[in-house]
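In the order they appear, the protein sequences are chains A, B and C. Residue numbering for the first sequence follows my numbering, starting at 375 and increasing by one per position. Residue numbering for the second sequence follows my numbering, starting at 6 and increasing by one per position. Residue numbering for the third sequence follows my numbering, starting at 426 and increasing by one per position.
Derived from the structure by calculation, the hints contain no laboratory data.
Just so you have them, the derived chain B footprint on chain C, three or more residues with Cβ under 8 Å:
no., stretch
1, 455-465
2, 469-482
3, 537-550
4, 561-571
5, 700-707
6, 720-731
Keep in mind that this is a model prediction, so the values were computed, not measured. We treat Cβ as the ideally placed atom computed from N, Cα and C, and that holds for glycine.
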Amino acid sequence: MGCVEIRGISKLFGNTRAVDHVDLATNEGEFLVLLGPSGCGKTTLLRMIAGIEEPTEGEMAIDGRVVTNLPPRMRNIAMVFQSYALYPHMTVYKNIAFPLHSRGMGKEAVRKKVEWAAAMFKIGRLLDRKPRELSGGERQRVALARAMVREPSVFLLDEPLSNLDALLRTSAREELRQFQRRVGVTTIYVTHDQVEAMGLGDRIVVMSQGKIRQIGTPMEIYLWPADTFVATFVGSPPMNLLDQGETLLGFRPETFLPADAVEGSEGVVTYPFEVTYLEYLGAERLVYGNVGEKSHARHVVSRLPGSLTLPLEAGKSYPFAVALRDLRRFDKKSGLHRKEGGPS
Amino acid sequence: MPNVRKLASRGGLYTLLGLFVFFSAFPFYWMVIATFKSDHDLFSPLNNPFLFNEPATLDHLKLLLFDTHYLTYLWNTLAVGLVVVVITLAVAVPAAYALARWARGWGEMLGIGIFLTYLVPPTILFIPLSRFTSFLGLQESLWSLILVYPTFTIPFCTWLLMGFFKTIPKDIEEQAMIDGLSRFGAMWKVVLPLSISGVLTVVVFAFTLSMHEFIYALTFISVSVKKTVSIGVPEELVRGDVFQWGPLMAGALIASLPVAVVYTYFLDRFVAGFTMGAVK
Amino acid sequence: MSGQPISNRPAYGAGEGFRDRESALAKLMIAPAILYIVAMIGVPFVLAILYSLSDATTGDPYIRIVGLRNFAAAFADPVFRLSLWNTVFFTLVSQCFVVLLSRLLATALLKKFRWKGLVRFLIMLPWTAPISLGTIGWLWMFDSIFSPIDWVLRYVGLLGTPGALLGAGTNLYYLGIPGLAISSVILVDIWRILPLATVIQLAGLSSIPKDLLEAAEVDGATPWHRTLKITIPLTLPITSIAFLFGVVFTFTDLVVVYVLTRGGPVNTTQVLSTWTFFRGIEGGNLAEGAAISLFMFPVLAAVAILILRTARRTEVV
Chain A
375 MGCVEIRGIS
385 KLFGNTRAVD
395 HVDLATNEGE
405 FLVLLGPSGC
415 GKTTLLRMIA
425 GIEEPTEGEM
435 AIDGRVVTNL
445 PPRMRNIAMV
455 FQSYALYPHM
465 TVYKNIAFPL
475 HSRGMGKEAV
485 RKKVEWAAAM
495 FKIGRLLDRK
505 PRELSGGERQ
515 RVALARAMVR
525 EPSVFLLDEP
535 LSNLDALLRT
545 SAREELRQFQ
555 RRVGVTTIYV
565 THDQVEAMGL
575 GDRIVVMSQG
585 KIRQIGTPME
595 IYLWPADTFV
605 ATFVGSPPMN
615 LLDQGETLLG
625 FRPETFLPAD
635 AVEGSEGVVT
645 YPFEVTYLEY
655 LGAERLVYGN
665 VGEKSHARHV
675 VSRLPGSLTL
685 PLEAGKSYPF
695 AVALRDLRRF
705 DKKSGLHRKE
715 GGPS
Chain B
6 MPNVRKLASR
16 GGLYTLLGLF
26 VFFSAFPFYW
36 MVIATFKSDH
46 DLFSPLNNPF
56 LFNEPATLDH
66 LKLLLFDTHY
76 LTYLWNTLAV
86 GLVVVVITLA
96 VAVPAAYALA
106 RWARGWGEML
116 GIGIFLTYLV
126 PPTILFIPLS
136 RFTSFLGLQE
146 SLWSLILVYP
156 TFTIPFCTWL
166 LMGFFKTIPK
176 DIEEQAMIDG
186 LSRFGAMWKV
196 VLPLSISGVL
206 TVVVFAFTLS
216 MHEFIYALTF
226 ISVSVKKTVS
236 IGVPEELVRG
246 DVFQWGPLMA
256 GALIASLPVA
266 VVYTYFLDRF
276 VAGFTMGAVK
Chain C
426 MSGQPISNRP
436 AYGAGEGFRD
446 RESALAKLMI
456 APAILYIVAM
466 IGVPFVLAIL
476 YSLSDATTGD
486 PYIRIVGLRN
496 FAAAFADPVF
506 RLSLWNTVFF
516 TLVSQCFVVL
526 LSRLLATALL
536 KKFRWKGLVR
546 FLIMLPWTAP
556 ISLGTIGWLW
566 MFDSIFSPID
576 WVLRYVGLLG
586 TPGALLGAGT
596 NLYYLGIPGL
606 AISSVILVDI
616 WRILPLATVI
626 QLAGLSSIPK
636 DLLEAAEVDG
646 ATPWHRTLKI
656 TIPLTLPITS
666 IAFLFGVVFT
676 FTDLVVVYVL
686 TRGGPVNTTQ
696 VLSTWTFFRG
706 IEGGNLAEGA
716 AISLFMFPVL
726 AAVAILILRT
736 ARRTEVV
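Work the whole structure out from these sequences, hints included.
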């Protein structure tokens with residue numbers, strides 16, 4: 375149930391490749407996140423899975439059935455749009471019931487299902503209202519209830535949290551994840567927010583310019599980025615990259631600490647760090663500065679946990695270090711990760 | 006003192022508006038007066054034309070309604086208008102929807118192209134079209150008008166509806182398709198209910214444009230009982246060389262006012278069509 | 426699960442892609458409109474050209490191409506030349522007035538005042554009432570005996586007494602003297618288009634974002650300066666469109682001239698549309714009528730192109 379397989383899918387708009395030879399297969403019941411900057415093709419890919427966009431090349435199957443040319447209604451998928459796409463002229467009840475009506479279900483059966491879906495998202499009391507009377511969070515729940523009411527094999531979400539204000543977003547994120555775990559439906563979720571992706575995803579598909587850069591668990595993506603794009607896109611502030619001739623040396627800001635604080639049984643690399651600017655953010659401090667000779671000075675960021683209270687001043691130089699095991703090497707030309715040690 | 010300036014500018018505004026209202030509306034004011042003024046009063050050049058110097062009369066109305074074909078004209082106009090509305094809807098709604106939803110790029114171009122045919126004047130087309138209608142045996146028949154009027158209602162209304170359908174977010178239709186409808190079903194069950202006001206606008210304009218039309222009616226129809234109000238009133242309410250001013254004004258007034266009221270109500274939509282998206 | 430190539434699995438209800446059916450559906454939906462327009466506008470237009478090159482009359486309506494003689498005959502005909510001139514003259518004069526007046530009126534209508542609905546209704550009447558019927562109202566205004574305008578002029582002494590500013594006669598023959606007839610037609614042309622131009626300009630004026638004007642005010646610009654530098658440039662597209670549509674409707678107008686003067690006195694107010702009607706339909710000379718009407722086309726085509734260009738350039742705000 376809920377397996378989506380994508381082989382060699384491409385989408386061309388005129389001469390632009392919005393999606394470029396993508397191969398992907400979901401695991402049953404997983405929460406898969408498509409992550410990337412705007413224009414990377416993630417939404418186009420999602421729309422092709424839904425069937426509202428036609429692939430130029432490639433094939434797609436859902437639960438073993440080839441769906442590449444099938445219209446959306448034959449794919450047993452449900453989708454929530456960024457705008458929620460609630461039918462403005464129908465009540466919440468009718469909105470949720472809509473997918474069932476179009477399948478010709480009896481009135482009583484429909485009512486039961488609608489109430490079940492509404493209860494799942496705690497919107498039972500809103501059933502008689504019209505969309506324009508609802509808040510953003512309430513509309514989102516109605517959209518989710520409508521999607522779930524058919525018990526689809528795959529659940530597609532296109533940045534459903536981006537229209538909510540920040541506070542609501544975090545609690546909505548949590549609820550969404552819990553709900554998905556409970557119901558266990560395979561979910562494909564599109565977002566450009568890497569924090570959201572890391573928090574929600576069982577696996578993350580990082581995309582850029584129509585291509586998949588890496589597929590992996592949040593930990594894999596974070597600790598072992600496949601290329602410089604993933605390394606700098608995921609993580610805020612992004613991974614530091616130092617030019618070393620033919621390779622780029624990468625390390626995360628939180629691994630770049632005052633030399634005394636770095637524990638490196640396998641070895642440590644030390645750099646004199648000239649601090650230019652500090653930001654106190656409460657739980658942590660961000661220290662901006664340069665390493666290297668004056669002529670080759672490179673800008674790096676260090677992330678100090680709040681517990682590390684070493685006083686630092688702009689304009690001064692301090693010995694900072696990175697443990698060898700935290701270093702990553704990337705080929706300068708291709709940007710790809712070069713495996714020299716570390717898990718493959 | 007600010008108050009005096011405000012008062013003066015207020016006064017200036019009202020004066021300006023007053024002048025414009027006067028300019029636009031006073032021919033219609035006269036129509037109202039002339040409808041009820043007795044002939045004797047009307048045709049005495051020394052009498053003050055702005056007032057009723059002699060008691061008002063209903064004679065003109067009686068003459069108009071009972072002694073002329075006026076009611077027939079109204080009926081003809083109504084009949085033609087309604088059929089033209091139906092034809093326009095049947096042709097323009099699907100075309101506008103298809104152009105708005107599909108065909109990125111060429112859809113827009115085609116839509117504009119269709120709109121521009123609205124600008125082809127009847128006076129270029131009426132000679133060939135008159136041959137056309139007599140070839141079909143439709144001369145002197147209201148069907149000739151019904152056949153030809155869509156040449157201006159369809160281009161304009163298609164364009165108007167195109168703009169209108171574009172305001173309905175694509176999301177909603179796509180959602181409906183995901184929820185189980187075919188494209189056609191989505192159109193029928195979701196888009197059309199949301200387009201009621203657009204459809205209504207088309208009905209109003211197709212009807213009023215038909216009602217206003219003069220040139221084709223003048224060209225195709227000369228038999229009195231087949232005329233529409235638009236040509237019937239100016240052409241027929243003249244006995245010999247004499248204008249029956251009273252009934253003439255009454256006839257003009259009765260046919261003008263209801264149309265004007267409805268048209269005014271929908272005027273903003275009309276303008277939206279003309280400004281072609283130049284104004285958001 | 427994933428291992429076997431996808432294409433080996435049987436497809437379910439695929440057939441040809443539904444996309445193909447959709448694009449066929451789209452074409453089907455657009456077809457009636459296109460067919461109708463081609464048949465009832467495109468074909469007649471071509472026929473008009475053919476007629477203009479023929480010698481067809483209502484008595485002998487068959488098209489035999491005889492060359493450009495109708496066009497030559499038209500140029501030789503002084504009434505035609507006059508109607509061509511009139512068409513251009515009436516249009517330009519009336520529309521220049523309309524642009525300025527409608528701008529003024531639109532600015533006034535932006536303000537808040539009471540009875541706005543009624544005022545709008547009354548101002549719109551010339552456009553919303555059927556053209557022929559509204560023009561009939563003017564027939565009375567211009568009547569050579571009973572004109573209320575003349576009554577007022579006599580009342581205030583400008584007319585009717587020896588030494589009066591406008592002459593000693595009891596009436597001005599608005600539709601009987603060439604100069605006055607021309608002015609009367611132009612006046613009614615202005616009267617008719619003013620509401621349409623006003624509403625279009627109103628839409629343009631209300632679409633200027635308030636922030637722009639407020640920012641300019643904060644920067645110290647005077648109201649006049651703001652109008653000149655912000656309002657006018659930003660509304661130029663809309664004003665152009667109002668002007669162009671006004672031009673189209675006046676240029677091709679037959680109703681106003683026909684109802685008011687029938688083109689008289691002595692053909693002095695003929696315009697291309699009316700002259701086409703009189704020669705082609707009433708006179709039965711289809712070929713000549715078609716030729717005359719085609720003179721309208723170049724101007725209309727130019728206007729259509731200008732409208733297109735203006736509409737394209739309007740994604741400014």
